[in-house]
Amino acid sequence: MERSQISSGQHLLSVLRDLYESYGYTRYKMSKFEEYDLYVRNKDFLVSDSVITFTDTNGRLMALKPDVTLSIIKNGSDLPGFVQKVYYNENVYRISKGTHSFKEILQTGLECMGDIDVYCIFEVLLLACRSLKRISDRCVLDLSHLGVVSALLDDLSQPREVTDALLRCLGEKNGHELQNICCAAGVAAEKTAALTALIGLSGTPKTVLPQLEKLYPATLDQTPLKELKTLTALLESTDCADLLRLDFSVVHTMKYYNGVVFKGFVQGVPDSILSGGQYDHLMKKMHRVGGAIGFAVYHDALERFGKAEPYDADTVLLYDETTPPETLLHAIEALQKSGAQVSAQRSLPEKFRCRRCVRLKDGEVTDLG
Amino acid sequence: MAEMLNVALPKGRLGEKAYALFETAGFPCPSIKENNRKLIFENAEAGVRYFWVKPSDVAIYVERGAADIGIVGKDILLEYTPDVYELLDLRMGKCRMAVAAKKDFHDDLRRTLVVATKFTNIAQTYYTSRGRDIDIIHLNGSIELAPILGLSDVIVDIVETGTTLKENDLLPVETIVPISARLIANKAAFRFKNAQMDAIVNSMAKQLEENA
Chain A
1 MERSQISSGQ HLLSVLRDLY ESYGYTRYKM SKFEEYDLYV RNKDFLVSDS
51 VITFTDTNGR LMALKPDVTL SIIKNGSDLP GFVQKVYYNE NVYRISKGTH
101 SFKEILQTGL ECMGDIDVYC IFEVLLLACR SLKRISDRCV LDLSHLGVVS
151 ALLDDLSQPR EVTDALLRCL GEKNGHELQN ICCAAGVAAE KTAALTALIG
201 LSGTPKTVLP QLEKLYPATL DQTPLKELKT LTALLESTDC ADLLRLDFSV
251 VHTMKYYNGV VFKGFVQGVP DSILSGGQYD HLMKKMHRVG GAIGFAVYHD
301 ALERFGKAEP YDADTVLLYD ETTPPETLLH AIEALQKSGA QVSAQRSLPE
351 KFRCRRCVRL KDGEVTDLG
Chain B
1001 MAEMLNVALP KGRLGEKAYA LFETAGFPCP SIKENNRKLI FENAEAGVRY
1051 FWVKPSDVAI YVERGAADIG IVGKDILLEY TPDVYELLDL RMGKCRMAVA
1101 AKKDFHDDLR RTLVVATKFT NIAQTYYTSR GRDIDIIHLN GSIELAPILG
1151 LSDVIVDIVE TGTTLKENDL LPVETIVPIS ARLIANKAAF RFKNAQMDAI
1201 VNSMAKQLEE NA
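Just so you know, the protein sequences line up as chains A and B, in that order. Okay, so the first sequence: first residue is 1 according to the numbering used here, each after it adds one. Okay, so the second sequence: first residue is 1001 according to the numbering used here, each after it adds one.
In isolation and in its complexed conformation, chain A is listed as follows:
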């Protein structure tokens, strides 16, 4: 795995902050707590429905935030022609997929909400691509459009449980089960073939779009297809063309999401590290006018695969009990002037790794290697 190329930690936070601020996104700072009721009303929007709760001093049931987007939507305002652009660095509290226990997860993300247009969607996609590029030069952004997927599924005129099962198959790239479900539900052969082909579509817009046009019936609403083509053309005209892919296994719940949905991957990390999409349905559900699109970068996924520190300390200065504190401070400051980060110690544990080790004896600093 090419872990060394992955950027993470404080450096990444500041790089992403600079990126988002350069496009006019302002920092959104929020409390760690939120009323539990907000999450009960929008349970399906959450990655996991388990939430840490506690009773506040006034008797209200509160929750440690499992999500950031809901809080931002709740606090926004609607003005025609205006778009609220915010970014955040916040901890959320969720059940970790690996350990099945609660974990504090640092998320950086942005939300663009209000009277959004094609440019807003393009800008968010561009910032998602550029976020990935700042994490690793070996990255991809997989883009899908739920308008395309839902048009194909609605065209089957099947009950909700069947379309939900088909959507799950799409997310798993599970062609064999999709065919079984279509067969059992009596879906026409050509429609089954179109959905099976959709599962197989994965690659650059140049290779995927012509195939998508072929399988997408002319009788269906062409708006989502046109939007997808417009957005991919815009992204291909930027420095992010090389990392863009279309893949319809990127699916989010259609109850909240509607337009483009996307996931970002970097080589060497086994899960997606960025996830986002357009969620006009959620805005409507929360009585907001207009649409919204946003994404989040998951720092926990990067932590393990980020660049490993080769040393426990940069420079260690060894001294003994006879060294006067003033002499020790002078020696430390002299080393700091040459750019060293100095840790003063009287002894070191076994296997301690430092870039440079020096000893201070009788006012003299000698190199130990």
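It is worth saying that the hints were derived from the structure and are not from the lab. Take the hints with a grain of salt, since some may be wrong.
In silico DMTMM-like cross-links for lysine to aspartate or glutamate, where the CA-CA straight-line distance does not exceed 25 Å [to be verified]: (1) A:K133 x B:D1057; (2) A:K43 x B:D1083; (3) A:K103 x B:D1057; (4) A:K214 x B:D1198.
None of these values were measured; they are calculated from a predicted model.
Given the coordinates of chain A, assemble chain B onto it according to the supplied hints.
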């Protein structure tokens, strides 16, 4: 040169049969056939590395990215719901997940049904979909003992031929889902090793068609 493709194979007969499919697909590794206790085998020329893994652990290796692809039973996918792509039904290792009970079992709907199983998630999902209230007892082996000793009313387990059930005076009473081996892939690796994975899926699908 293309990057090394890491493949998790389940130890045992199913793994050996699955390896044959990979070999025909152009990813041979002759050293894997040597009779020794090694767990990792590599063919740098073919760009492939195989691991022998406990069958129930294959999905974990793939989900966590230690392996790019793997072969796993549908029972494991249903039980642990790993976040992976399920690319192909290999139509091998066929069996079924079933409810079994003593010959004289009668489901009394006035009582909570006691179910013993290794597959608690599958059992829970199945009975929830039927609106049946159950009490699950998780066991790790010799599940057939549970109804005989009165520990449970029924068991949920994998049934291949039904011989074990028969020898313990049990009968399969309902089939929950048919089971077979599946080719799974890590979602991130699918983006970066797409050409190799496509070649494998296409070749395996063709081999399965020919042998159908």
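Against the structure, the hints:
| no. | hint | in the structure |
| --- | --- | --- |
| 1 | A:K133 x B:D1057 | violated, 33 Å |
| 2 | A:K43 x B:D1083 | holds, 20 Å |
| 3 | A:K103 x B:D1057 | holds, 23 Å |
| 4 | A:K214 x B:D1198 | holds, 21 Å |
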